[in-house]
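Trainee: First residue of the sequence shown? That's 1 in full-length UniProt numbering, and the numbers climb one at a time after it.
Keep in mind the hints are simulated off the structure, nothing from the lab.
There's no promise every hint is true.
[As the list claims (entries may be wrong)] Cross-link-like lysine to any residue pairs, in silico, SDA-like; alpha carbons within 20 Å at most:
| hint | residue 1 | residue 2 |
| --- | --- | --- |
| 1 | K63 | V50 |
| 2 | K63 | A48 |
| 3 | K63 | L51 |
| 4 | K28 | I45 |
[To be verified] Distance ranges between label pairs, derived from CB positions:
| hint | residue 1 | residue 2 | range |
| --- | --- | --- | --- |
| 5 | D6 | G35 | 39 to 49 Å |
| 6 | L62 | I25 | 31 to 41 Å |
| 7 | W20 | L62 | 33 to 43 Å |
| 8 | I25 | L51 | 20 to 30 Å |
In this text, a Cβ means the ideal position worked out from N, Cα and C, and glycines have one as well.
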Amino acid sequence: MVRKSDPLAFGGLALLTLIWSFSWIAMKQVTSYIGAFDFTALRCIFGAVVLWIVMLIRGKALKPTPFGYT
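Build out the structure end to end from the sequences listed, making use of the hints.
Mentor: The structure is reproduced here in structure tokens:
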């Protein structure tokens with residue numbers, strides 16, 4: 001079975017590549033002003049806030065699903 005490629009998926013992958021490649025440059029520039037731990041903490045906080053906003057917009061539950069034993 002041949003699947004058609006999704007242009008939105010390729011666009012998302014290209015955007016992700018740009019973000020990851022730019023983050024290395026930003027990290028090198030910012031760590032001359034603040035420490036690596038502070039920068040990592042700010043990056044994690046910013047990422048958590050962005051993901052929280054995305055989940056609110058999509059209407060997904062913010063509480064985790066119950067743990068299921070395997």
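Trainee: For each hint, tell me whether it holds in the structure or not.
Mentor: Here is what the structure says about each hint:
In summary, the hint linking K63 to V50 is supported, as the alpha carbons are separated by about 16 Å, within the 20 Å threshold. Taking the CA atoms of K63 and A48, the gap is about 14 Å. The hint holds against a cut of 20 Å. Between the alpha carbons of K63 and L51 the distance comes to roughly 13 Å, so the proposed pair stays at or under 20 Å and holds. Taken as a hint, the K28 and I45 pair is honoured in the structure, with Cα atoms around 19 Å apart against an allowance of 20 Å.
Evaluation of the 39 to 49 Å hint for D6 and G35 yields a pass: the beta carbon distance comes to about 41 Å. Taken as a hint, the range 31 to 41 Å holds for the pair L62 and I25, whose Cβ atoms sit roughly 33 Å apart. With their beta carbons about 26 Å apart, W20 and L62 fall outside the hinted range of 33 to 43 Å. I25 and L51 have their C-beta atoms about 23 Å apart, which keeps the hinted 20 to 30 Å range intact.
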